[in-house]
Amino acid sequence: MSGKLTKAPTTGGPRSWSRWFTTDRRWVKMLWIAAAVLAIAYVVTQATSETPPSFFVEIVLVQVLYAMSVNILIGYAHLPSFGQAAFFGTGAYAAALTIQGVPLYASLFLAVAVSGILALLLGLLAVRTSGITFANVTLAFGQMLYLIAANSDLVGGENGLLASLPSQVSPQSFWLVIVGCVTAGCAVVWWMFRTPTGETILAIRDNPERASSLGISTFRYRLTAFVVAGALAGLAGALYAFATGIVTADTLYWTRSGEPIIMCLLGGSKKFFGPIIGAVALTTLLQQVGQGSTSYLIYVGGILLIVLILLPQGLLSIPARIRQISSRWTSSGPSDTTKAAAL
Amino acid sequence: MNEPTPVLSLEGVSKRYGGNLAVNDVSFTVPQSSIYAVIGPNGAGKSTLFGLIAGQHQADAGRIRLNGRDVTKHKARTRAREGISRAFQVAHVFTSRTVEENVRVALIAAKRKSHVFWAAASTIVKADEVAVLLDQVKLGALAAREAGELAQGDRKKLEIAMGLASHPTLLLLDEPTAGMTPDETVTVIDLVASVQSATGCSVLITEHDMKVVFGLAQQVVVLASGAVLVQGTPDQIRNNSDVKAVYLGGR
Amino acid sequence: MNVLPSIVSGLGDGMLLFLIASGLSVIFGAMRFLNFAHGAFFAIGGYLTYNFLSNLQLTPVLLIGGALLAGLGVAVLAYVSEVVVFRRLYKLPPIDSLLGTYALLLLLEGAILVVWGPNSLSVPYPKGLNSTVRIGSVDVPQYSLLLIAVGVIVVVAMTLLLYKTSLGLEVRALAEDRTMTQLLGVNISGVSAKVMLIGGFLAGIGGALAAPTIALTPDLATSFIIQAFAVVVVGGLGSFYGALIAAVVLGVTQSVVVTYLPSVSGIAFYATMFAILLFRPQGILGKSSLDIS
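Residue numbers (my numbering), protein chains in the order written: chain A, 1 to 343; chain B, 1 to 251; chain C, 1 to 293.
If you're looking for bench data, these hints aren't it; they were derived computationally from the structure.
Below 25 Å or equal to it, Euclidean Cα-Cα: the simulated BS3-like pairs (lysine-lysine) are: (1) Lys211(B) / Lys244(B); (2) Lys270(A) / Lys91(C); (3) Lys271(A) / Lys91(C); (4) Lys91(C) / Lys194(C); (5) Lys111(B) / Lys138(B); (6) Lys138(B) / Lys126(B).
Beyond 10 Å from chain A on every Cβ pair, some chain B residues (computed): (7) Pro41; (8) Ser47; (9) Arg65; (10) Ala141; (11) Ser194; (12) Val195; (13) Gln219; (14) Val228; (15) Leu229; (16) Val230; (17) Gln231.
Please read these numbers as outputs of a predicted model, since none were measured by experiment.
Don't be surprised by glycine CBs; every beta carbon is placed ideally from N, CA and C.
Looking at chain A on its own, in the form it has when it is part of the complex:
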């Protein structure tokens, strides 16, 4: 009902702020253009300035990519994986292990390929299950990798591995690599869900039985989603390794799988920009609170809980919520009062 109200022609009366907010959407477009211009300007200044680019912003971008990859599963395919850290961590380790022998771009490519193949292998087994069983199969797999990495001398055990950039890659050019990879990763997701493959994945999410009645193999398309998500998580992991300069087994621990899911739900997993907003918001918040502080977890848990209960569609649903609420009190004609009385 509220959806129809916003589309109804404006029937005289003063143009209140809420009506402008709801019916005139030009401000949204202007906001986007302004944001894009600012972002490009920021990227260029960081790449051309003498001082190295901000480490914090690099980490935010990596988290954006990781959350975006996880949202393929959480938001688009409804495969609740609690084991994406397996691919994030694999990408990180693959990058750290290969960078000594090959150039940066090849190392990043190998990280994507290795985590994609790993996702294919796990997916062939795991995607046959669904729901909570799927969540636990992926979780068990991730924990196995974590324990293997933590106990294996080959990858440095508890101490981890160094992942230092080759000397010919300056911090400024690595900054451009991060921006490029994250943009490309997000573009892949954006494009994917405009193609037949993506639309088929969305259809399976809504109704697997109908999809197979149309002759669609639900297994094949869920597997596709799982592999793409794994490969992009691997890319995020590799970028994370180079940004921090070290890879430890913690990149594989299960709470690492939980973080991006929180980001997706925080921003809104049904919208393309949801994971981006969620990743930026959560990473910034944690930065403000400070990873080491004792109240850190209380903030994360508390905010997530409040968002889930009050804004189940995520932060991006705030404009829609405002519209909903404002349309309720702007259209308080006599018909509404009788309705209210009847209630």
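For this one, chain A is given, so just place chains B and C on it according to the hints.
Just chains B and C, lined up with the frame of chain A:
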């Protein structure tokens, strides 16, 4: 002259659940370009039989042929490609997608183009192809609506449109008018008749509403306790004393 | 080398797992709700025991008393969580409600950090239970025997509860056919609160009895809940006896592997979980229809 191959033929099909025979030795054929109905009291096995025909369930015994080909062991997905389209008792649509996108996904699947990731969906299936199907079920006006917002009757129409995307030879409609207002029922009856005559496919429906059955079907198969009780034209069924007994006793 | 000692200590560990998992499993059966925060209930049980007992000369009786008190404390916490948080999560999509309990887990873990600090605390073994006892020709740990005894008592008590009380009847009916049970007028939030109370009590006792065997650190909650999930899922979602079997299988496997192949100890647990779920996704005693997607 040879009889043309029937679209569907069931030969002694049975399905057991636990100790019960849900479908017991059912045999009948559906000829080309016809409308048949399966009726029977609640629990007679109509929905199970539809599941067996469409491939959601596997038969324990018997043979199912589609256009002469044995499909008994085929999965639902394969049978869909071999010419069966099914509409469910509770309409199965892609609720978060628009009506247009629902039909588009069905058309893409019918063209075997679901795997395409290098081109946009809207270039693989053009808007006018979608519009043709939507007009056929008279849903053109609601193309931009989310399927989850549709009324039950419109969801059924959408499901039929998606089923028609693959040019099926057999359209299975499980209780197409369940939960509908009398007005919606009339439109769906007209729709099924017009779709059948326009596409030339065969339609097999299950139905509670005898008005619908007698208005649409050329032949009626009556199921009772999983087995075929009698088969005949609507007039024969209407006057059959066994059928009356089953319905009065079964209720 | 005799395998019996590691089997006995594995059984003991399995019973600890079972104490957490049984509550989770019964709640899932009744509510279709998997609760991450249950791990925090367990951890808080351990920490409360530390507070009750750390300055005392620990005897078995005192430990049991402390465990019961800790169980009660956690039961209250679980009840409050149900009323304040979980009740609002039931109507959300399954992934969101699971994330909601994860949020509460983080919140409670943060609270542990604030109240008890980041350093590891320990509760000693009580006097008289800190060595081994000779059975036939082998020595088995006394404490494991206590854990097994507690496990048996809990199984008996829960069986009585599930099959002899009206609450048990309602819980089993909800697990069997949710819609029908609701139509019959069973008050779901009432059942949920009571089941959460019992599950919290068991988790609290589990944490208390685990306290002497582990170091109390704030990440106890996140590390134990995963093992408890493993038990619930491997046993079969919503199956109480499935959880019992799974806890024993996983506990004993882990313990035997630790003895003979210490290098792959932790991995064996997850490998077993992984393998069982792939070959039998519905779990040992589960019905596949119970999973939510």
